[in-house]
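Chain B: place on chain A using the hints.
Chains as they are written, first to last, in the working numbering: chain A, 1004 to 1534; chain B, 26 to 511.
Calculated from the structure, these hints are not laboratory results.
Beta carbons are placed, not taken as given, at the ideal position from N, Cα and C, and that holds for glycine.
Any given hint could turn out to be false.
[Claimed, not checked] Selected chain B positions facing chain A (Cβ under 8 Å, derived; list incomplete):
| no. | residue |
| --- | --- |
| 1 | Thr297 |
| 2 | Pro406 |
| 3 | Ile445 |
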Amino acid sequence: MILVWLIVILMAGGLLAWLSKKLNPELPRWVALAAVLLDLILIVYVWITLKAPADSAWLLRYEVPWIPQWGVSFSLALDGLSLLMLVLTFFLGLLAVLISWKEIKNKTGFFHFNLLWVLAGITGVFLTMDLFLFYFFWEVMLIPMYFLIGVWGHENRTYAAYKFFLFTQASGLLMLLAILGLYFIYGSETGTYTFNYFDLLNTPLAPAAARLLMFGFLAAFLVKLPVVPFHSWLPDAHSQAPTAGSLILAGLLLKTGAYGLLRFVLPLFPTATVEFAPWAMLLGVIGIIYGAVVAYSQTDLKRLVAYTSVSHMGFVILGVFAFNEWALQGVVMQMIAHGLSTGALFILAGFLYERIHTRDITQMGGFWAKAPKMGVIALVFVMASLGLPGLGNFIAEFLTLVGSWQANNWLTVFATIGIVMATAYSLRIMQKVFYEPGPQHESFRDLNFREMLIAVPMVLGLLWLGLYPQPILNTAKPSINEQLQAYTAPEPTIAEPKTAFHRQPDATIDINQLAINQRAFSNLQIFQSSN
Amino acid sequence: MSQTDFIYLMPLLILTFAVLVSMLVIAAWRNHKIIYVITALSFIAAFGSLYELRTTTAYIIEPMFVIDGFGVFYIGLILLTSLLVSMLSYAYFEQREERKEEYYLLLVLATLGACVLVISTHFASLFLGLEILSISLYALIPYLRTRPRSDEAGIKYLILAAFSSAFMLFGMALVYFSTGTMVFSGLAASIAGMQELPLLLLTGIGMMLIGVGFKLGVVPFHMWTPDVYEGAPAPVTAFIATVSKGGVLGLLIRFFMEVDGFRYPVLVTILTIVAIASMFAGNLLALMQKNVKRILAYSSISHLGYILVAFMAGNQMGVEAVTFYLVAYFITSVGAFGVVAMLSDKNSDAELLEDYKGLLWRRPWTAAVFSAMLLSLAGIPLTAGFVGKFYIIAAGINDQLWLLVVMLVLNSVIGLYYYIKIIAVMFQQPETEREPAIRLRPSVYVASAGTLAVLALLLVYVGVYPTGLVQLIQNVLVSVPEIVSK
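For reference, chain A alone in the conformation it holds in the complex (with noise of 0.2 Å):
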């Protein structure tokens, strides 16, 4: 009952914020504030209180009929994943509540009507294990999203924002057409027509539908993700938006298209995937390259910022197609440092842009003498996102790349370089914006107590993440484990089949190893003693 609680509240506090207006314009910051603050607490007291059942990695579930015709039902469920990704959810949520305390000043009631709906869409994309729900939750989020960025938006709001609904709602509908399809297959099979997740992980597939179904499937994640040749729509939503928007956007949004992959992609199409896997990390390669050299010749801060998201979200794939929990942790890990540095960022631009009203890196310089506070603030944020020890974005780099090894030498020695390149278009932020001298700007202040009281929680998410994951890795393990089944569990499937892991002709012994690491991996407690 307690996930229900936290879409509705989300929902009332969205419609209240809204109503509130007419009392009062400055009402509606503090009932959203307060709606994502009773959210926060929830899920932080359900994670400190509830221990994982041995046997199973859910948490909690709940499950009503909706439309019993045709086997919908409003069901939700909670593991360490969506867990992680709801107190991710709900810690953006509430600093883009309060990035907009003074940037918005305009129809404040609706605008936070439509944050609070964008967070309680993706909420539910976070939650929910039926299949129909998934897919009305997935398109709730776009919505609200489209009127955050048309109407709150910079100067070229309305095709950025036309840009982001057709590329995801298009997208999206391929998926509808896949769910559909596995729907009925299941249906035609077994007798029961049901949009259950749980029912639908055992649909008999022909290798030729899994493999249309998983495209499918496959057309909205990487759109969102974004993957490169799809990801031509966010670097126009990201810079275009508002501070709250591109936060929600990069921190959140984006990470939707990663957990689709995990939860539903992985596990419902285990071969298609595994055929796919070479092409897919090929991608994510390409991703990383390409998002970090055109990230380099950016001049508008947040479009840089944009295309270092498409930078990390290369990982990601490169992570996911690898299949081995390292890879996995990796990726969970960089869902969640990229959530917050890329949002980091995000809010650093919009503090420069309330100062000097202008995103144009060209026009900044020497802002370290003037505001010390915000440049050490901003160094943090841009070694966690050059991927730093000791902050977050190591961790889950590491990970990833240990993982992909595994799974294709070359791919990750390729991956690897991007690193490099981010190292360059992290410091040249940097030293644009801070060190070299630039226009002069009168009265350039430093962050006030506000604005300390945004960045000092992700200055310390970010250094908890690098220095202590293991709560996070513990947290996620289960879950992982349950996605990774179909590849691993059963021994037949480890010493039989040359394709299920690698191609390469000296697979057998690659396997072997695998399956000691991760055993492992398993018993050791990584990262106990690096601390």
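Only chain B this time, still in chain A's reference frame:
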């Protein structure tokens, strides 16, 4: 005619009676409010009389009509929609100079025609119903004579509809010539054994389909749609978009299910082409429009294309999907044109995109309702349109109509663009601050605003909790053996 026949025809009789009463009242005392009340009451009474027929098994009135669950459901849908249209009409016509009373009379007559259509099983009753509907529309479309484009719309509809009626009649004659019967079931029996249709019979059915196609406004018989939508008064446009098309669609379903037209590849091919062409033509042409009524006109062409996709499934699920989509589409269309009607002033309808600029900040509630309607047309969740579209896609995939389903998905994306365009215009920054809403007399205003509010709530209710409606549709279809057996 026996006494039971009377009970079963009660809805139609009430409407006929209401027309006569209104006519006498107008002759005696011309008053807008009285006629309006009579109209509304007659719709409610006719709808109430359906209560007696709710558990009906098919009741046949030889040879013209069959009153079964399907027919009762469609009649109910038509009556409720007409009621909503008349509610919206009151405020709209109250501002205008012309004589208003005859409008309601024609509206009731047209509704009667549509109701006859959905229960007819004989060419004669079919044609009668179609003509009652069309002839009332000839007068309704150019009702506001003084407005610039209304004559054009009226004449265009008159000529094309008369043309299509002629096609229809010729088609019926050919069918009668080759089979010797005018009853649907007789026709079905005489072609039951045939693997392929003889040319003459095929021509006959083809010509009848042309007649139906004109009424539905599907490509290539769609030319009248934008002009008529634009020229007709907004409530009449709502009526054409919903009741007129719904009635004909009900007829088409009954006819095809009875004769089992899906057995013949020629017919299936024709309908497939018509469906795909309607989706594309409607959506692509809508992209270029600057007039909201024309955009909605082209969008209605494409929506009929979507409906044909489910219709092509040709089984029970397909009929369910069509019916569900039709309900969603009725709610949405009446709502959308209701907003247009509400924003219209004395001289012209609010039809240009500029009229909607910044609407959200000037009249937030109206704009919110309009946005909801447009999002429903686009098929976005939380609205009835989403569930409807989902149902259609499901029906299509269930019958493995992959080509049609993929085309539908492609078109949904194209369609999205122009719906969003209208919404984006409404969200633009206003030049003026919130205008003082021009209030008519509060009672008048409440009728329109209340209707829109009801429609918006229905839209969300069906979108969030469709179970009730799905259950209802499945229940009423049980009494129709032609559909259930498929």
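Note to self: Given a cut of 8 Å on the nearest C-beta pair, is the interface hint for Thr297 (chain B) held or broken against chain A?
What the structure shows: The hint is violated - Thr297 (chain B) has no Cβ within 8 Å of chain A, the shortest such distance being about 18 Å.
Checklist line | Interface hint compliance - Ile445 (chain B) to chain A, C-beta minimum distance less than 8 Å | finding: Holds: closest Cβ of chain A sits about 6 Å from Ile445 (chain B), inside 8 Å.
Next item on the list: For the hint on Pro406 (chain B), just tell me whether its beta-carbon gets within less than 8 Å of chain A.
Entry: With Cβ-Cβ at 4 Å, under 8 Å, it holds.
Consistency note: the structure conflicts with earlier hint 1 alone.
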